[in-house]
Amino acid sequence: MAQYIFEGKYQNQSTSVKVKLLLIHFEDEKKVHFIYSPHLDLTGYGINFGEAKKSFEIVFEDFVDYTLKKETLGKVLSGLGWELKGPAKKPKRVIAPSITSVIKNNKYVSEIFDKYPVSTYHQEVGLPAFI
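Okay, so the sequence shown: first residue is 4 according to the numbering used here, each after it adds one.
To be clear, the hints were calculated from the coordinates, so they are not data collected in a lab.
Please note that the accuracy of each hint is not assured.
Claimed, not checked - Lysine-lysine pairs mimicking DSSO-like chemistry, simulated, CA-CA at most 30 Å apart:
1) Lys57 - Lys110
2) Lys56 - Lys118
3) Lys72 - Lys88
4) Lys118 - Lys23
5) Lys23 - Lys88
6) Lys57 - Lys72
7) Lys56 - Lys23
8) Lys23 - Lys78
9) Lys78 - Lys56
10) Lys107 - Lys118
11) Lys73 - Lys56
12) Lys34 - Lys110
13) Lys88 - Lys118
14) Lys78 - Lys110
15) Lys33 - Lys57
16) Lys107 - Lys23
17) Lys118 - Lys33
18) Lys56 - Lys33
19) Lys78 - Lys88
To be verified - Here are the computed distance ranges between Cβ atoms for each label pair:
20) Asp31 - Ile102: 20 to 26 Å
21) Ser104 - Gln126: 17 to 23 Å
22) Lys34 - Tyr69: 29 to 35 Å
23) Asp68 - Lys118: 27 to 33 Å
24) Asn51 - Glu74: 33 to 39 Å
25) Phe52 - Ser113: 22 to 28 Å
Remember, predicted model here, so these are calculated numbers, not experimental data.
Note that beta-carbon positions come from the ideal geometry of N, C-alpha and C, so glycine has one too.
Build the full structure now, drawing on both the sequences and the hints.
Right, here's the structure in full:
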């Protein structure tokens with residue numbers, strides 16, 4: 004099984020909150036590789052695992068940049084089922100939803116598990132502590 008070494012590399016003046024993400028790697032019938040984060044509903048893809056991983060890193064960084072600039076990261080995470088413990092502007096804990104609740108609430112995730120052989124891995128990433 005390929006090891007998923009994904010590190011959120013977002014850097015700014017603020018500190019970061021560490022979260023564990025479940026990343027799913029699968030290959031479709033056209034041999035396109037995908038890395039998908041059901042907790043963030045983000046996908047990277049490429050002609051091989053390495054390209055899919057790089058694509059996912061770009062998508063992750065763009066997601067963080069965009070939601071920070073729009074000041075919507077907390078709202079987006081809440082909408083994806085994340086729990087923000089503490090004040091909305093500076094939560095003390097950020098908890099991702101369970102994978103079972105993600106599968107139940109997102110038809111696309113259950114489709115991936117039903118249709119393709121997948122490899123999964125939990126990886127700790129940093130999200131800016133800004134929310």
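Do the hints match the structure? See the list:
For the given pair, Lys57 sits about 26 Å from Lys110 by alpha-carbon distance, which is consistent with the 30 Å threshold. For the given pair, Lys56 sits about 21 Å from Lys118 by alpha-carbon distance, which is consistent with the 30 Å threshold. Only pairs whose Cα atoms come within 30 Å are accepted, and Lys72 paired with Lys88 is accepted, the gap being roughly 22 Å. Straight-line distance between C-alpha atoms of Lys118 and Lys23 comes to about 25 Å, which keeps the hinted pair within the 30 Å bound.
At roughly 16 Å between alpha-carbon atoms, Lys23 and Lys88 fall within 30 Å of each other, so this suggested pair holds. Taken as a hint, the Lys57 and Lys72 pair is honoured in the structure, with Cα atoms around 23 Å apart against an allowance of 30 Å. Note on Lys56 and Lys23: the hinted pairing holds, with a Cα-Cα distance of about 17 Å set against a maximum of 30 Å. The straight-line distance between the Cα atoms of Lys23 and Lys78 is roughly 19 Å, inside the 30 Å bound, and the hint therefore holds.
Restraint check: the Cα-Cα separation between Lys78 and Lys56 comes to about 26 Å, which is no more than 30 Å; the hinted pair holds. Distance restraint check for Lys107 and Lys118: the Cα-Cα separation of roughly 16 Å lies within the 30 Å cut-off, and the hinted pair is therefore satisfied. Between Lys73 and Lys56 the CA atoms are separated by roughly 26 Å; this keeps the pair inside 30 Å, and the hint holds. Simply put, Lys34 and Lys110 have alpha-carbon atoms about 22 Å apart, close enough for the 30 Å limit, and the pair holds.
Under the criterion of a C-alpha separation no larger than 30 Å, the hint pairing Lys88 with Lys118 is inconsistent with the structure, at around 36 Å. As the CA atoms of Lys78 and Lys110 are separated by approximately 21 Å, the hinted pair is consistent with the 30 Å bound. For the hint linking Lys33 to Lys57, the alpha-carbon distance of about 19 Å falls within 30 Å, and the restraint holds. For the suggested pair Lys107 and Lys23, the alpha carbons sit about 20 Å apart, so the restraint of at most 30 Å is met.
Pair hint Lys118 plus Lys33 holds up; C-alpha atoms about 13 Å apart against a cutoff of 30 Å. Between Lys56 and Lys33, the direct Cα distance comes to roughly 18 Å. Compliance with the 30 Å bound is thereby established for this hinted pair. A C-alpha spacing of about 13 Å is found between Lys78 and Lys88, which places the hinted pair at or below 30 Å, so the restraint holds. Taking 20 to 26 Å as the suggested C-beta distance range, the pair Asp31 and Ile102 conforms, at roughly 21 Å.
Between Ser104 and Gln126 the Cβ separation comes to about 19 Å, which falls inside the hinted range of 17 to 23 Å. Look at Lys34 against Tyr69: about 30 Å separates their beta carbons, and that is inside 29 to 35 Å. The given range of 27 to 33 Å is respected by Asp68 and Lys118, whose C-beta atoms sit roughly 32 Å from each other. One distance hint, 33 to 39 Å for the beta-carbon pair Asn51 and Glu74, holds here, with the actual separation near 37 Å.
Distance hint check for Phe52 and Ser113: the Cβ-Cβ separation is about 23 Å, which falls inside the suggested range of 22 to 28 Å.
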